[in-house]
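The sequence shown maps to residues -27 to -1, 1 to 113 in mature numbering (1 follows the signal peptide of the UniProt record, and there is no 0).
Any given hint might turn out to be false.
[Claimed, not checked] Quick list of simulated restraints, FRET-style, between CB atoms:
1. K20 - S59: 18 to 28 Å
2. A2 - P58: 41 to 51 Å
3. R69 - G42: 21 to 31 Å
In short, the hints are calculated from the structure, not lab data.
Quick reminder that beta carbons are idealized off the backbone N, C-alpha and C, glycines included.
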Amino acid sequence: MHFNRLAAVVACAITVGSTLMATPASAAAKPGVVINYWSTPVVVKIKPKTIEPFKDMYYTKVNWTKLTGSMGYATSIRHINLCKPSCADANYMTERVSMKFTRVRTTSTNRRVFTQVRVTAMKTHKTETHSLPLRGYWEE
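Hey, can you work out the whole structure from these sequences and the hints?
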């Protein structure tokens, strides 16, 4: 009888202990993106829906298809200010793009972020590579 109780206590302890274990490092180590170039302190989000890396270009409806510790893949709508007749007129062109995020670095607040994105226009297949902000615009 005592053996059955002991076995039950051990089984219960193993079950409780396994549910209290920390999240694996691989899950916690997924990098994010600095969501807007002008923010100070840095605002980082993992799988953000909107990214504003530059003053005249931003991405909306970001749909993440894959995220690892070193790469991320997404599709989105890119908005580019054509600056015609001037940038203040805010004439934006939009296009659907695919995105590949790479080059993980650490921010001043010890957050891992992607600092490079390769953007491919889905209609024309034209590809561009852009650096992404590691820090807020006003940080030194």
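So, going through the hints one by one against the coordinates:
no., hint, verdict
1, K20 - S59: 18 to 28 Å, "35 Å, violated"
2, A2 - P58: 41 to 51 Å, "47 Å, holds"
3, R69 - G42: 21 to 31 Å, "27 Å, holds"
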